[in-house]
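Residue numbers (UniProt numbering), protein chains in the order written: chain A, 1 to 418; chain B, 1 to 418.
Worth flagging that the hints you see were computed from the coordinates, not collected in a lab. Heads up, some of the hints might be wrong.
It does not matter which identical chain is meant; a pair holds if it fits inside one copy or across any two.
[Stated by the list, open to error] Derived lysine to any residue pairs resembling SDA-like cross-links, with alpha carbons at most 25 angstroms apart:
1. Lys-398 x Gln-318
2. Lys-81 x Gly-154
3. Lys-81 x Ala-104
4. Lys-398 x Gln-95
5. Lys-153 x Trp-59
6. Lys-153 x Thr-296
7. Lys-153 x Gly-32
8. Lys-81 x Glu-256
Protein chains: 2
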Amino acid sequence: MTAISTVVDPGTRIGIEDAALRHRANRVIPGGMYGHLRASGLPEGYPQFFSRAEGCRLWDVDGREYLDFMCSWGPVIAGHKHPVIEAAARRQAEQGDCMNGPSARFVELAERMVGLLPHADWAMFQKNGTDATTAAVMIARAGTGKRKILLAKGAYHGAVPWCTPSLAGVTAEDRAHLIYFQYNDIESLETAARQAGNDLAAILVSAFRHDLGQHQELPDAAFAARARALCDAEGAALVIDEVRAGLRLSLAGSWESLNVRPDLSAWSKAIANGHALAAVTGGENWRRAAQDIYITGSFWMGGTAMAASLATLDVLEQNEAPAYLQRMGQRLRDGLHAQAIRHGLAICQSGPVQLPMVLFEDDPGQAKGACFAASALREGVYLHHRHNMFLSLAHTEKDIDQALEVTDHAFSRVAAAF
Amino acid sequence: MTAISTVVDPGTRIGIEDAALRHRANRVIPGGMYGHLRASGLPEGYPQFFSRAEGCRLWDVDGREYLDFMCSWGPVIAGHKHPVIEAAARRQAEQGDCMNGPSARFVELAERMVGLLPHADWAMFQKNGTDATTAAVMIARAGTGKRKILLAKGAYHGAVPWCTPSLAGVTAEDRAHLIYFQYNDIESLETAARQAGNDLAAILVSAFRHDLGQHQELPDAAFAARARALCDAEGAALVIDEVRAGLRLSLAGSWESLNVRPDLSAWSKAIANGHALAAVTGGENWRRAAQDIYITGSFWMGGTAMAASLATLDVLEQNEAPAYLQRMGQRLRDGLHAQAIRHGLAICQSGPVQLPMVLFEDDPGQAKGACFAASALREGVYLHHRHNMFLSLAHTEKDIDQALEVTDHAFSRVAAAF
């Protein structure tokens, strides 16, 4: 993700405080910033540093307010500083967070996830989404005694040597046992499985296809069923990476509507509404393997994030979050669709509406998308031009409509510029 | 770490609530618990679940109070719920934790670490100690274009496939480029370096030797200097794993007193007094490589843990933490030494006093150690029988003396039983 040029007003500038912090950051942080939150991957004018968040709104360090559609790239599903969730976290923090063993929240949360997820008989908790996907791969290998992992070309499953998108610092051996298929392409999946032969440990697959800069795709039922059948035939683990999608499509697991249940699922992001937590859940057949591997972390048993997660799951259930997010997402999608037609612009909105993805047709380098997003930003709406976005329970119809007023202007700008 | 038998009173029992939670945990968590905080690795009677923590004291779920010498296995360096640190964390949480980018705390904390550590020109933050050691290895490989990592046999550097102590779920390729040496053994280090030839990326070495169940060893000055020279000769990175030792021996880096500076250091545990945070720090020569690798995490930019870390570093500096912990540790070591002699028992206390390590001589399976620790536990002092312990700023002379009263009884018990 390198800096991109955008067609925006020459007046689009980051704020004074943001610029000052970037200057300081450049001295003491490699590249001034790293990872998926780098503003250098965003159109001009996007702030790098934030001072405050509340509900679905963010303020940058220069005090500019944004109606936000990224939700910290997923974690914030109930809205920033949700009073019930934060109160639960605070209560636990006041008792004890990082102790010589877990609090009772650990057991309660494992029970809660097992209760929510039909596929799950047990849960284990970590801190990063990458911890969860890595643990799932280890469990699959420990349980099968096999090595090959099938995964979709272009899918993101984390940022350690076996899966990070860049090859810097990665050795060939880190990926020696990965075999790639095309998402939703049964033939390529079967070819990959044949290539694994009798060394197939797992098929690792995202809840839906959400590759950077590509149209999103929900899984085809036939593809999902074939993945399940291939794993059954070989005794391999079907692992769903729910890190990005989890809890927005369904509280029972994203493939539940397809009647396909995974052996293992990897969770993070939204499960504690922004508190650092990840989880692997699994079925009975994989319990022993999960017990056999050795994984741990200094802060994994911290009770505060677990208390936040318990409260998050309650809030999501009480508010029927997936259905609510679906309604808000549909309202946004319908509005954008009508606006684009009105402005004579061709856009493609793909995948589940709860994770909006808006790409312009005929837009190499996403220049139109960048113009669109930068224009919206100037009027206080924070969108992403080539990554899926996220909705939260804090987004109301009024917020969606307010955003649509702004996107209408942004479409005008695109129509005028291209 | 499997359950061990201990010579203790038959009346040593875990509490009713603890037993009930273990029963529930066994249904929904593989093995009922995982990782380094498993009570199954501890003598009989040790609780698994905790309800409260304050200063250097912990309460289990049955309300039993313990004077604690594990500090959550390192993270708690200023004492649980330190008012200044928790106030700083709360202030940041009330503004915003996990946002679309970092808060100003990110830059301030990087500046703070660069200011503290003579070797460091930059810092990057993560969540787990394993994130930091893994990132350091990636940076070393990216910077050198080479692959081999030299590390000490038996050393713990984290819990993912390339380094976890168990081989379950690990493939041979995960460790294809590791070469082992003996800590403090220059000849074995040189042999390992020769084996790496011109493919040497890094020497990864703990701040001191702290292997489970083994006597601790501070690094010899000659060994440290040789590690530095070998890296210089090959253009490789000298990486110090400060995850466990960091900030307890020195606020300037644990090898500073040896006049040996690393290229990269990995930090976690104590840097935010129990809030989930890790860091890699490095010198100018490695900035470009650090910028080239792609690492990230959903919660890495969370401001709350960074605010806690800034406050922690202030508290440690204001209280001259290493010297204070050194005084308390020496008081404990001297007291235990005198008591052991009085009881006619041979113990060995090794390594830095800030991380107390007490092993009985002639104690295969650490049965005496387990008897000692279980006896102390019954009188409310939480020790470890085969892992190093940790002191915090919350441990006062009075606490040390109170613990010594209890250890005196525990030594009697060992003397009587063996």
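Each hint tested on the structure:
1. Lys-398 x Gln-318: Classified as within; 21 angstroms inside a copy, 50 angstroms across copies.
2. Lys-81 x Gly-154: neither (34 angstroms within a copy, 44 angstroms between copies)
3. Lys-81 x Ala-104: both (24 angstroms within a copy, 19 angstroms between copies)
4. Lys-398 x Gln-95: between (39 angstroms within a copy, 24 angstroms between copies)
5. Lys-153 x Trp-59: Neither way: Lys-153 and Trp-59 sit 36 angstroms apart in one copy and 49 angstroms across, limit 25 angstroms.
6. Lys-153 x Thr-296: between (29 angstroms within a copy, 20 angstroms between copies)
7. Lys-153 x Gly-32: Classified as neither: same-chain Cα gap 30 angstroms, cross-chain 36 angstroms, threshold 25 angstroms.
8. Lys-81 x Glu-256: neither (30 angstroms within a copy, 42 angstroms between copies)
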